[in-house]
Structures are given as structure tokens and as C-alpha cells.
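Residue numbers (the UniProt record's numbering), protein chains in the order written: chain D, 1 to 666; chain R, 1 to 666; chain E, 1 to 666.
Derived by calculation from the structure, the hints in this document are not laboratory data. Be careful, since some hints might not be right.
Said to hold, decoys possible - Some chain R residues close to chain D (C-beta under 10 Å, calculated; not the full set): (1) Leu158; (2) Tyr162; (3) Gly178; (4) Asp191; (5) Pro193; (6) Gly197; (7) Phe405; (8) Ile490; (9) Asn515; (10) Trp534; (11) Asp550; (12) Phe600; (13) Phe602.
To be verified - Label-pair ranges, simulated between beta-carbon atoms: (14) E/Lys117 - D/Lys96: 47 to 53 Å; (15) E/Lys28 - D/Ser460: 58 to 64 Å; (16) R/Thr220 - D/Lys66: 43 to 49 Å; (17) D/Lys375 - R/Arg470: 55 to 61 Å; (18) D/His3 - R/Glu459: 41 to 47 Å.
All C-beta atoms, glycine included, are put in the ideal place defined by N, C-alpha and C.
The primary structure of each chain is shown beneath.
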Amino acid sequence: MDHLLFGAAYYDEYMPFDRIETDMQMMKKANMNVIRIAESTWSTLEPQDGVFDFTHLDRMLDAAEKYDMHVIIGTPTYAIPSWLAKKSDTILAVTKDGPSLYGHRQNMDITDPTYLKYAERIIRTLMEHIKDRSCIIGYQLDNETKHYGTAGKHAQELFVSYLKEQFSDLSAFNLEFGLDYWSNRVNDWSDFPDIRGTINGSLAAEYEKFSRKLVTDFLTWQSDLVREYKKEDQFITQNFDFEWHDYSYGLQPDVNQFEAAKCMDIAGCDIYHPSQDDLTGAEINFCGSIARGLKKSNYLILETEAQGNLEWLPYPGQLRMQAYSHLSCGADSVMYWHWHSIHNSLESYWKGVLSHDFSENPTYLEACRLGAEMKTYGSHLLHLKKTNRAAILVSNEALTGLLMFPFKGRENSSYNDAARWLADSLYRLNIEFDILNPADTDFSGYDLLVVPALYAAEESVLSRMNDYVRNGGHLIVSTRSGFSNEHLKIYPDMQPHGLTDCCGMHYSQFTAPKNVALKGNGALSGITGTARNWIELVTPDTAETLLSYDHPYWGAYSAVTCNHYGKGLACYIGCFFEDGTLDALVAFFAKEAGLSLPAFRFPLILHEGTNENGKKIRYFFNYSGREASFTYDAPDGISLLEEKPVAQGSQITLAPWGFKIIEQQA
Amino acid sequence: MDHLLFGAAYYDEYMPFDRIETDMQMMKKANMNVIRIAESTWSTLEPQDGVFDFTHLDRMLDAAEKYDMHVIIGTPTYAIPSWLAKKSDTILAVTKDGPSLYGHRQNMDITDPTYLKYAERIIRTLMEHIKDRSCIIGYQLDNETKHYGTAGKHAQELFVSYLKEQFSDLSAFNLEFGLDYWSNRVNDWSDFPDIRGTINGSLAAEYEKFSRKLVTDFLTWQSDLVREYKKEDQFITQNFDFEWHDYSYGLQPDVNQFEAAKCMDIAGCDIYHPSQDDLTGAEINFCGSIARGLKKSNYLILETEAQGNLEWLPYPGQLRMQAYSHLSCGADSVMYWHWHSIHNSLESYWKGVLSHDFSENPTYLEACRLGAEMKTYGSHLLHLKKTNRAAILVSNEALTGLLMFPFKGRENSSYNDAARWLADSLYRLNIEFDILNPADTDFSGYDLLVVPALYAAEESVLSRMNDYVRNGGHLIVSTRSGFSNEHLKIYPDMQPHGLTDCCGMHYSQFTAPKNVALKGNGALSGITGTARNWIELVTPDTAETLLSYDHPYWGAYSAVTCNHYGKGLACYIGCFFEDGTLDALVAFFAKEAGLSLPAFRFPLILHEGTNENGKKIRYFFNYSGREASFTYDAPDGISLLEEKPVAQGSQITLAPWGFKIIEQQA
Amino acid sequence: MDHLLFGAAYYDEYMPFDRIETDMQMMKKANMNVIRIAESTWSTLEPQDGVFDFTHLDRMLDAAEKYDMHVIIGTPTYAIPSWLAKKSDTILAVTKDGPSLYGHRQNMDITDPTYLKYAERIIRTLMEHIKDRSCIIGYQLDNETKHYGTAGKHAQELFVSYLKEQFSDLSAFNLEFGLDYWSNRVNDWSDFPDIRGTINGSLAAEYEKFSRKLVTDFLTWQSDLVREYKKEDQFITQNFDFEWHDYSYGLQPDVNQFEAAKCMDIAGCDIYHPSQDDLTGAEINFCGSIARGLKKSNYLILETEAQGNLEWLPYPGQLRMQAYSHLSCGADSVMYWHWHSIHNSLESYWKGVLSHDFSENPTYLEACRLGAEMKTYGSHLLHLKKTNRAAILVSNEALTGLLMFPFKGRENSSYNDAARWLADSLYRLNIEFDILNPADTDFSGYDLLVVPALYAAEESVLSRMNDYVRNGGHLIVSTRSGFSNEHLKIYPDMQPHGLTDCCGMHYSQFTAPKNVALKGNGALSGITGTARNWIELVTPDTAETLLSYDHPYWGAYSAVTCNHYGKGLACYIGCFFEDGTLDALVAFFAKEAGLSLPAFRFPLILHEGTNENGKKIRYFFNYSGREASFTYDAPDGISLLEEKPVAQGSQITLAPWGFKIIEQQA
């Protein structure tokens, strides 16, 4: 792909009347160049068992070719037709809440043989029908695929087989999972109980891990099918989504996206986020960084909001700001869900570029301006490469572990709260970061490694963190890291297991804080704060205390420590506290790691990278409703959209929700 | 009926010991003249299949005849005997929550053939037994009949037939309901899925409408049965109830009462409402106006609170005030639920006129005073006719639509919140109103028509509203009106669909307000407010702006507009705001409509009408704990209960929770 | 037992590696002398049907004997093995929520014949295997046994039989339970519906009572089995637990512990409570007093927190304070749940004496100090006998009644809230009390009897209260007492039924207060307060008003009255109000009852009793983070732990969370 993709999901199927010519013309006027189609339309593609109807698809492909638009085709398997639901009792997923009813998307059992048989047929038939169309640039496998909590017969049988493969010795299995507790011991695989009733966190977490593997297996199977048909220059992707808190929030609990992405050519995702006064760019940055980490390359934004949900209608200027925010993180596309708002069913108030009236509206008009800019300047912005000096290690296993044993007061999203707490501090301080995962074996490329709440980890990961510090790395690791192994079995020795050496501290007790203040020491002298959610009663061994508890009984313990170990430095954070206090800590530590931070902070955000011409691109954003100024201290450049030179040392003022993109000249 | 009815529900069946003589004497002492019996007593009437026992009923009828009391007989079908529940697997309703268990009333499937067979037999046997009793003045069909969420086999089959009748063409059906979305298309009626799983708002809303029709059909069937036996001078009624928010709140979602009332002779209902410091009369007024609208005539209060629920124990004087409030709205009866408090089971703390001790208590003693007054002055108050110049149009379809797609922050009762918001403003300003429904074809009798949130409406209704204004009417229409058609398919053109001409404005975007102030213009200059829940970004075309948004980005748009159209005037309200701001708007508009409002407002409330002697009756209420005064500026009259003349222009002071009823002399 | 028991639950089964020797040595170092084992380990004892494995058990018994530790053996029946769950469809309890899944403990149907058959075999096999071991001092039947909401086939059949036994006459049954209401009448026992659907509070309450009887029957059956094997000097106990509100709160709803304890030799229980700044001792006192009341003797603390839950980690000093708090209430043991923290499954964060790292930690070190003290001074503290002059009457039936018909705003624990409200006032005022239950026939031993919210009571209990006052007793009885009979049938006469004579007042109306202040009269002149949750509109007959409502309409009524009756005095409390106001009332009344209260109040708490040597032991606790002083005005004594004399009249200062134990010398 030699240009940025700009477009929207388009559903000819959902139209109340024929709009295809008008819509294509409106898209072209907006300089859109891609539509994403066919995902979730199985019932129109195959209205009855074995009866196929490609009318809508052909219309869209014809129109795309006529108007010179690219097309991304989604396989339609994430929403099944009504007739298919009646083929077998086991197609609709049986979950913790019992059998699913037909109606919703994503309600099928992705391990069900009947479902898989029909899914294969529709994919093959579809691919056969379209494989020669020139407008198709790529394929999206399914959509936002997850395991949907399947715990039906087939899935549970597969789980027992999966356990048997891991544990030939039942006694070892019982010991590792602690099944003697509450008489849960399994002494014969045929006694294995319905997993839905388990109260064993280790077993429940293993089922979650297994379920994530089902997603990887399913997507790999689809990828193999599509790959049989697709042309060399067409890509395979997925529309990954993120943990959802009314918007995209963090690491996806139900998919190991790092594993699942292996069968794909390019990572794709959707990112939805607050807007208006709540637009911060933090979700675009964090989720975008995950997406960039999946293939360690640029990625596609396959869906993001145009008008979006009720609260998201962008202020004038924000639609453009949001698009450039994505590009500044390494996205090579901005695609809206969706072109037009839908007139029936569930998501009628998740609005597209057009409202239900199909007329030009302020959002559309801003998209037109954006499209023109992307067309003119896109070649400067495409394939932005980042060479970040900081990285954050995230872990699905730790996420699941903290779902089982959450922080007090953060029961719903302990892990992502912990991860976002640290990641957003880096974001506010203008430290760009890459995302690593436990399968990454080399951290040595980074000056700063941040490991939030790595609750569950194999020995090898912990030992790699230790090595990283010994060899000169700078590590920030936060509360409850190193607590349990990969099966959520708590390590039966000094905490934090495997990290006491590099961190130079230990603890064996923790509690929930009530009125526990924090007091800075040494480099953080004068800094104060309030402990939240969870406090570990840390005893420094070789470490220096950066923050200690200001409390009649816990005052003897440290909250945050810093330890020289080998050639490196390790910071252990044993509790939560205010963002401002954290920013002071992270800024101090980043400087120790040799990172040079800009003089400004959030709401002024700087993102940078190198374009294909080897030129440095710098995005400056003002995520606030107030004008903001800063000194441009990079080498002389050109402000791209204005085509105006910017001299080093000049003072730049950004309007409310304003931004500048400056290409360095030297 | 030539006199007001005053009485209570009476259950000889529930008595811990024989009280019938004492109770009748106590009722007579209170000048009560009617009891309502037999509803919900199937298990005593038919203790075993085909074994009938009329002991309790005969005792009550005998006593009623001895003490010259009227009787209203309820058919006992809304609570089934334990033996009947065992007759078939499908008698107890299967709902979204699965099969119902026996115990509760209103848990049966009203489409179940077995239930209907036994219901017919008990009705016929009962009617045969009592049809010659002279004390019976009327029959109540079932009680608070609804559909109970039935989604069993029979109901779902009926639903598919009902759809087939409407849509001979499956493609048209799929298009109208937007079933292509998420692959929900139905290409063969035999594929029709379990409606309980649907995520299609249009389909779900249609099932709600269908379910309301089940209620109409059921009541019509019962009415036909009862009519075979009843005497000419006996009436048929129903005890309709209202959307329940710990008290009667607004339009009933589960019944189209306008349709269902067609098979009845007189409308009946129950109204429960807050009391003590929270007594405002607003529920009595709004729900009473609905009841009055059902047959466009006077109605029966078949149930209201005596002591009622814990919070409702009336302050001294309030029991009388409440009764007169009902009469002032056009009720011809005040009947309590219930005579005595119940000693077992669920509603023991929903107290009657008597406490569990059966002794005289302050509530009973106040009922005695009330009964004496009603006897003495009832002929002046009976059959009060109203000739209101204002009307409010309410719609079950719009209610369901907003249940599917609610206002932000008003998820539980979007529609009735919107309706009450406007209706209560009229109430506070002393504008009495009638209630219309979408089946009403002529609005021309009214100077002011208020249409709250008419989210779902056929073209014809919208066009009637347009015509109304063109022909000189004054219309207030509020946010989200004209958004979707009768199948909840959003109109694919300029919003508000069908109303842009008369309202002289349009919008295509909306959002949830955060810190969005309102600023008055023109006639509302100086008025301020804060937008709530939902704001439409209205652009006036020919309209004048009355309120605009005071906001850096939405300031370009209007919140409330006013437009001269034809001979009339239309006010469009594009958001919610404070009551005080609304009162200013409504007062302005009502004056434009030529209504003359009293100089006083809530808590001083004036209700008026004309009695059978052609005399004007005016009720003045002080709904507050503070004394209040006003100038009586109607022609000279008589204060009825005091039998004192009141001269025009005299100053009247009402005690806390006090009232006066003045009959105009001229 | 001639010494205090000090120890912990110990699970060799749950160990990640062999720790038994080390653990025994650490326990001995802490002067622990008892372990509690085997409860909940069925799946290790009988890994497959009929295959028994006593390895873990034998190891623990061998070690105990080697280290001279006592052992309490729990029968393992409260958690079933996975293989057993598959033996029958009816082993796992069917409850209101449907069938249970395997995984959780306490999920079986304790009436299921298959379960009982296998339970008997494991108990017999276990007893046979261990009965000669010398270290075993006693047996615990099952653990925290309850009925688990069982409403399966067997349980429901038993319920109908149980009703038939009580009611040979179906009409009498229908009348007593008020089943005519909503057509719930049962005219043939074969019509009896699934109890899970009932809306009849009387019937639901009777099922609760019946379910409590199932627990008594089950424990009695187990006791009989164990008694066949156990030696004369071994005791049988149970680990009773209490109504749970994140901690032990009050009377257990699901067990009639007074009945169930009859088959045991000594009462045992677990008490968990808030700690850190929230440690008040109130739960230890209230629940401990219930435990002491079960056999009217000393009791065992079989479980309490060491580190416990996250919020409970004790401040330095609190572990000892907590232990002595238990002893001061009459406990003869302090046993922790559990020795070590568990590395897998559900309760990993319910921490034991040791953390997961098994190392010495502050909690363990404090346990060592405590163990040494208990060893040295235990003989002075053992078998503490109390001769309290006050008693509180608690009732399972009243608890259930208020679960059905709760106080407004206290829906979840109306009864225990009401009981704790009064009991905690006595506690704060340093009035120690015994706990009585409705089966106690003699109240005459007490100068002060407090009866909270006795909502449901047989005539005989009410008449005993009346007699108590007449004969000179001082009774405090609170709102809603005497309202309904033992079947939750509301008494159909003047309220409070059966108490109007002794209390000299009556009421027939009540409501929820809004802004209702309280005003003291007579002895309480000057006292003020605010009414909460529920107010009865009390009319004094012969009584004097102590508190009246300060309100424009309810001002005519009394809130609290006091009445001389016979030789006694009765105080009726008709509402709830602030603790401070209550303390003033209770202090006044206690003095009327002739009790002499210490000059100090909470947070300074005095508990006392007589030890086996006939010496008076007084515990003085300071439940606060601030130093506190008081005058020791008892006869000269010895401060035990310090071995220092304390002279009468000397001033004693207690450190924050400090205490003293003084043995009187004379």
C-alpha cells in the first residue's frame, strides 16, 4: 500500500433505498479511497442453506471499481443466519449464563462442528466468487472475534484434552492447581466437572487461557482458508478490539492478540474513545501502541468513530485531530464505522459519517477537509516508523489473574487500570512507548521497561526482567508483580518472587489503605500523595526508599523503592496513588534512564517518527479547550498542512483542540 | 349511576375471623356505598377442578343487600388456583426470564388454551350464579390485566401469524424491520427465531405492540362473555393501572388502554401516589386525565390508597384532599384498596382503611367525614364535565420506542419522563388538559396541543400535527418527535420528519450535554437554564429561536424554536431543562394560544368543570404545608362544604393541605 | 480441658511441598497447642468411590503426637468430591436459582439420600481409622453447616410432610397462612406448588424454619454417628457462623443454633470482624455472647482471623487484643483460620498466620508473644464464668419475619440491625449481657431484658415478657415486636400485641419518617434525635413519654415510652434513632433496673468474670488509636501480664489499642 487508507464500512444491505451511486460520489468528494464490506452479512449472502446471493456484494464491488475505491472484504462468520441457528442444538454457545438465544452477533460456539462446516462453505463460496475482483486489497477474518464465553460440550471436551496434554500425571495436575482445596481433587479425567462451576482461580484462569487459544485456532483456520484463494498482493487482517469500558480501554481479555496476529499480514483494530471535553488521546495512544506491537509494524484503524455514540459527537476540529492522532501512533488508515447511520435494530444511535438523513452535515464536511489533506500530505505521513526508547510489558495471564483476584475498589478492570495508570503517565510526559508481551525474549533495545502488575508470570519472564536490569536496563515494576506463576499458583517464597534481587526489597504483608498518606524521600523529597486500593508493606533490603507511608503503623514500610542492580536501576511501586505523584516519579526515573523529555506535558502531546523518505515527522497536539503554547526546539521544519516553515526555537501556539504536523528538513 | 361511589375492595376470604356484620356497619357509618369483590379469588370459588363454592361471595352479596351497598364484581381470572397450574406445562407464562413459577398473580399465559378454557368456565359459572343479584352495579374484567411478558409457544406462534398478515412479502418485512443487520434476515417464516433473543429494536417493539393487542383481545373476549349474562343497567369496566415507579407515574407500557377500553362501558383505574410532604396532585391529574380520555368521559377510581404503603400514610386532612383531587379530575368514585389490612402474604404493609387491628383509626375517621360530605354534596360534584382548551397526545408506540432507545440518564422511563415533564408544567400553571392518542383524528377542538417525544409515529399522525398548526393550532412538540415510523424504522430524511415545515427548523445531529447552559431570546429574553439528557443541534429555518445553547461549540444551534406556520404557531423543544425554565416557556406559549391562566400557580391548583345542573364547579387546592392565599376572581359562588357564599374578588386563604370547592351561582 | 486452646486450622493437603516438621516447630515456638484438620478434605480421603487414602491425615496425626499437639477432627462432608457429584442428579442442591454446579463447597442437598449414604460411609470409615489416636480431643461435625437454600424434590416432599404433621386440617392451614390471598389456596396436598414461587410471606417463612430444622436434623444425625466411635473424653462441636456482612454480624438466619447445639458437647464458632481503625470489639462481644448462650457455657473460637482479609491485617498489638477480647467474652480457645495462606483457588487472599512465603512475619511474631502469655497466664483466664444482670432475647423467627417485611432502608438485615443497635448500646455502656432465645422459659434471673424487634412470636413468649415485667423485671422492647405470630400471621388486634398491658401504650399506624426530629421528655428532657427507618405513631395509655416526635403532624404521638407495670418497668421504643440518643435512653433505663455502670464508656470497655479459682478477672480494653485513662475502682488486683499490683482507685492509662487484665485479689 503506497498511500494512506481513508474510508468507512459500507452496508448496501442495510440501506432503506438504493443509495450506492450517491454514496460513492459523496465518498469521492471526501477523498475517501476504501470501503470495508461483507462482514456480518451471512444471511444476505446465503439466505437459505446452500442458496447464495451475491447481489449486494456485486453491486458494491462494481461501484467500487467504477469509482476507483479499494475494498476490504470481511468474512461474514461472526453473525449467523436464522436458518443456521436451527441446524443443531450446539451452534449457539452455551455459556455460564446457559444456552444463548438467536439474535445477537457473536453468540455461536466457535468449536461447534456444524458451525465450522457451514462457516467453511460460506467462506469458500464467497472467496471463489470474488477472488478475481481487482478492487479488493485485503481480507478481514471474521470481526472482533472472541470466544463468547463458550463452555459447551465441545469446548469442555477440548479443554480436558488440552489439560491431559499438559499433565500426563494427574497428581501433578492436582498439586499445581491446588485442587485438594474444598475437595475439588480430580482423580480420574472422567470425573472432570463442568468448568462453569469451578471456584478454583487457577482452573478458571486456565480455561480463560484455553479459550483465548480457541480464538487463535479459529482465526488461523480462517486465515488458511482465505489464503488458499487470495492474491499475493492482498493482505489478511483482523479487526481486533480492546477491553471495553464504554470505549476502548486496554488489553483485550478474551484474545491473545499477539498469538492470534501471527496468521495475519497486518494488524487491524478498532479504537473508540471519549470525545468533546473528554478527548485526551490516551486511548488512541495506548490501544494504538498495542496494535503497533502485534506485528511490530504499522497497523490499520479499521473502525473508529465518526459521529459515534451520543456523547462522542466531535467538536468542530476534533474529527481531524482524532484522525491525525491515529496516524501519529503509526496507523496507516483511518476508517469509520460507518458511512451512514442505521435505520433499524440495535446500533441506530452509533452514528456514522452521515446521519440518518444522508445529507451533508458538519462531520461529513470535516471529513471532506481531512480527506483532502490526507490525499495531499499522506505520502509524508504513511508508514511512520518509531524508535521508542521505552516499552511496556503487558500480559493476558496477568490480566486474567487480577480478574480473579482484583485490587480492592478496582474489581472490574484491575489489570488495565494498573497498566493504564503507568502508560498514561508516560503519555502525559511525552514518553512514547512500544508494547511487549511475555513471549518477547529481548528487552535490551529499550532504556526504560515498565511492567505493570505482572501478577502471573513464568519464572523465565521474571528472570528476563532481572537480567534486563543487571545488564543496564531501567525497570519500573508495579504492585503484585511476580506474585503467582503461569497457573496462578502463588509462589511460595519471598515476594515479589524473582524480583527481590533486582528490586532490592521484599514484602510478605499487604492491606487496603485507609487514610494512608505518602511522603517522598531522596530524589522525591517534598513529593506527597495518598495511597489507594492496595498497599504492600515493603522492606527495602539494598534499595533506597522513594516514597514511604505516612501512617502511625505502616510508617515503617516503603511504598516505592529504587535499587541499583548490576548496571541498571529498578523501581518497585508497591501501591497506587495520584497521577501527579506518579508523574513526578516517572519523570525522575525516565531521566535516570537517560531519556530526554520535552519541556511540556499533557495536554500538549508530541508524537514522532520517521517517514518513508527518512524524514522526521513530529505531531504536536493540544488536547484541551484552551489555547496552549510551546517552544519548537527540534531542527527547522515545515508545518505540513499550512506549508509554512518553522524555525528551531520558535514559539508555537495551538488553538483549542488544535495541532501541527511538522516535517523536519535536515 | 346518580351518585358518587365511595367504598373499598372487600375480601371476606382473607378475614382471620368473621367480621362481615361489623365491617358493613363501619362502612355504613363512613357513608360508604360500594364494595368491590371477587377479583383474585378463583381458588376459593373453585377450590378443585369443577368444584365450585360460592360461600364467601354469597355472604358478601347478602350483606351488601342487607346494608344497601352496591357491589362491583371482578372476574377472578388474574390469579389462578394451584390445581390449575398443574393442568398443563404452558399455563404459567414463559417469559424472557424463562418459565414462571406458581405463586404470584399475573403469571399465566393469557394465550394458553387450557387457561382460557378454565377461565371461561369460572366466568360463566360465576355469572350464572350471581346474575340476578340486585346489589351488583357492574363488572370488572380481570384486574390490572397485562401480557405478563408472555413469550411462550402459543404467543410466539400467534406473533408470526400476526406478522404474516401484515407482510405477505417477506422481503418487504425484512426491509421494513432492517433484518439484514447482523445477519438477522428471515427468508422463510419457518426460520423465525425465538423473539426473546432479538436485538432488533423494531422487532422487539412490534412484539410489544402485539403483546398489547393480546391484552385487548383477552379483555374483549372476557367482555363478550360477561355481556352474555349481565343486566342492561350493569356496567363493564376494568381496573387499568399505569406505569409504575413506586407509584402510578404515566402511560401504561403493556396495554393500549385506548384500544382495550373499547369493549367496556366505563373506564376504571387505580391511582397510587406519594403523600405527606410529597403529595402534589400531579399523578392524580395526569393518570386521571388518561382515564378520562379512555372513553372521553367520567371514570371510576376503583383503587386508591387509604393508609397505603409505609410512606403514604396521609397527614390529617390529606385523605379528603386526595379524594376531592380525584373528583376534580372527573372521577365519579373513590374506592380504596382496601377496606382492611391483610394479615398474611405479600401486601400486608399495603394498608387499607383499617389497620390490622380493625379498630377505628384516624384514617377511618377522616373517611367518615369524607363520606358524609360526599353524601351531602355529591350531587354537585358528580359527572363533572370538562371543556379543556389544551390536550396532550400520548403514544404507546413512542413509549416503546424510547424504551429501546432511551434518553441518556433516563433509561427506565424515557417516555413518561418526557410526557410528565410537559404535562406537569401545564399542571403547575393551572392549564387543565385532555389526553389524546394517535388514533384520534381531530385535534381541532384544542387551542393548545402538546406532543411529548413522539418518537415513533405513522406519517398520518405527523401530517395531522402539521395540519393542526396550519389551520391555526398551537403546537408544542418535544425532542425526538417524528424520528421513526410505526415500526421504529428511523425516517431517512431531514429530522424532525414531517414536522420541519410546521416547526420551521431541522437538525441532523444531537449529543448528550455536559455543562451546556441555555440562554433565552426574544420573548424568553432573560430566561436561563441548563440542558439535560439530550440536546438536538437545531438549525432554525423560518423559526425564531426562544432558547439557544450557551456553549463554545453548540452555541451556533437553537434549543427551542417557535414558528408561525399557516394560521398557527409551533414550538419545538430540542432538549430537556429545568421545570422553572419550562414553565416560563409554556406560560408564554399558552398565552400565545389565547389561554388565560390564573394569577396563581402550583402549589395552588385550580380544577374546574360543569356539573349536571350546568353549574360551574371550581376546586382550589393548596398542595403544600404552608398556608396560601389567592384572589377568587370567578363570579360569585358558594363554598360547598362550608355552605358559605364567596364573592368575586374576595381573598381566600387555604390552610396547609387545604382546599375549597366553590360552585358558581350565575 | 484444663488449659486454653491456641492454634490453627492446618491443611497438609494444600501444601505446595512438605512442610509438616517445620510448621510443627513454628507452632510450638508460638506455644500453639492445637490444630484443626480434615474438614473439607473428602476428595483426598476418598479419591474415588470406596477408595480411601489416609496419608495426609496420618501424617498430621503422627506429627501432632510427636509434637504433643491436640487435634480437632472435622468430618469432611461439607465439600463433596467430583466423582460423587456425578452419582446422582439430585446431590447438588436445587435452589431458587436452579440447579447448583459442582465446584463450590456447601452446594449439596443435605436431604439427598445418595449424599447421605456416601456421607455416612466416609464418616464411619474415617472414625474407624482414627478413633484410637490419643491426640484427638474432639470432633467438629461438618463445617458452617447450613441448608444451602435446598428446594429440591426431596426437601420439598419433606416440607409437605412437615406441614401435614402440623395441620391435619387443610382449612386451618389455609386460614393460618392466609392462602386465600391471590388465589393461593391449597385444597389438596397433592396441589402443593413449588415453594420457590411462593409470594406468601408466612409460607416462605415456614420454609425457612423448616430448612433450619433440616440443619438440626443433619447435625444430629452426624452427631449420632460420631458418638458411636468417639471416646468419652472427646467432645463434639460445630463451627457455627453468623449472619455475614463482609464479617460476622449477628444471628445466623439459616440455622437455629440453639436447637442445633443440643446434640453437641460444646459450642464452637468462627468470628471474623473488622480490624485496624475499625476494630471495636462489638462483633466479638455480640457473636461471642450468642455462642456462650448456645450451651449456656464457655465456647470455642474455632476460627478467627490472623492476617485475614485484605482490610483486616491487624495493627501491631491488635492480634493480641483480639485474642483477649474473645477470652473476655468466655471463649476457651483462640484458633486461627488458618496456619498458612493458600497458594491456589478461592481463598488465597484470606491470609493465615503465615503468608504464602511461610516465613516469620509480624503477625506470626505477635502470635508467639500471645502464645507465651496464654501459656503462662491461661489458667487464670480459662472457663471464665459470667453472671450478667442483663440479657437480650433473639429470635430466628423474628429475623425471618423482618427479612420478608424489612424496615425501610434496612432491607438486607433488618433484624440484626435492630438487634445490634440495642446490643451495641449496651456494649458501649459496659453492660455485659447474656443471649436468650424464645425457647427460654425463665427470664427472672435478669434485672434487664432487652427484646429487639420481636416481629414474630408465639403468644407464650409475649406473655412471658408481660409476666417478667409484672414480677419486677425491666424490659426494653423495640419497634415491631409482637406484630405477628409464629406463622407470620399478623395479630388482628391492638398493637403491640400482648405487650400493650406491660408497655401501657398502643398504636395502629406507622410510617417512614422524613425530617422527623425527636424531643426528650421527663427523664430524657433535653435529649434530641432524629427518627429513622420506621416510626410507630404511639399513643401512651398508662405510660410516660420519654421521646416524642417533633413534627407538625406526628407531634401528637410518642416515640419512646416507659411504663410502670406490676413491680416492673417497661420501655417501648417505637422507632430508630442515633446511637448517642439511644445510649442516653439505655443508660437511664439500666440505672432504673438497678445496674451500676462504670464511669467510662466505649472506646474503654470492661469485661469481667470469675475464673476457676473463684477470682474475679477484669479485662480493660482501649478500642481506639488514642491513649485513654480511667480510674480502677474495683478492689486491689494484679495486672496479670505485667505481674504488677493495681491498687483500688489508681489511675490507669491504656495505650492506643492497649488493654490490661486485672485479677482481683480479695
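* Could you tell me whether the CB distance from D/Lys375 to R/Arg470 stays inside 55 to 61 Å? => violated (48 Å)
* To do: Starting from the range 43 to 49 Å, see whether the pair R/Thr220 and D/Lys66 falls in it by beta-carbon distance.
  => violated (57 Å)
* Minimum Cβ distance from R/Phe602 to chain D below 10 Å? -> Result: violated, 33 Å to nearest chain D Cβ.
* For the hint on R/Ile490, does the least C-beta distance to chain D fall short of 10 Å? -> holds (4 Å)
* At a threshold of 10 Å, is the proposed contact between R/Gly197 and chain D supported by beta-carbon distances? -> holds (3 Å)
* Regarding the hint that R/Tyr162 lies at the interface with chain D, is the smallest CB-CB distance below 10 Å? -> violated (18 Å)
* Asked: Does R/Phe405 meet its interface restraint, that is, does its C-beta lie within less than 10 Å of any C-beta in chain D?
  -> Given a least distance of 6 Å, the restraint on R/Phe405 holds.
* Residue hint R/Gly178, partner chain D, criterion CB-CB below 10 Å -> Interface hint status for R/Gly178: holds (2 Å vs cutoff 10 Å).
* Would you check whether R/Leu158 satisfies its interface hint, that is, whether its CB is within less than 10 Å of any CB in chain D? => Check failed: Cβ of R/Leu158 comes no nearer than 19 Å to chain D, outside 10 Å.
* Asked: Is the gap between the beta carbons of E/Lys28 and D/Ser460 within 58 to 64 Å?
  -> violated (39 Å)
* To do: Could you check if R/Trp534 really has its C-beta closer than 10 Å to a C-beta on chain D?
  => holds (8 Å)
* Hey, does the R/Phe600 contact hint survive, CB to chain D under 10 Å? -> violated (40 Å)
In this structure, the earlier hints numbered 1, 2, 11, 12, 13, 14, 15, 16 and 17 are contradicted, and the remaining ones agree with it.
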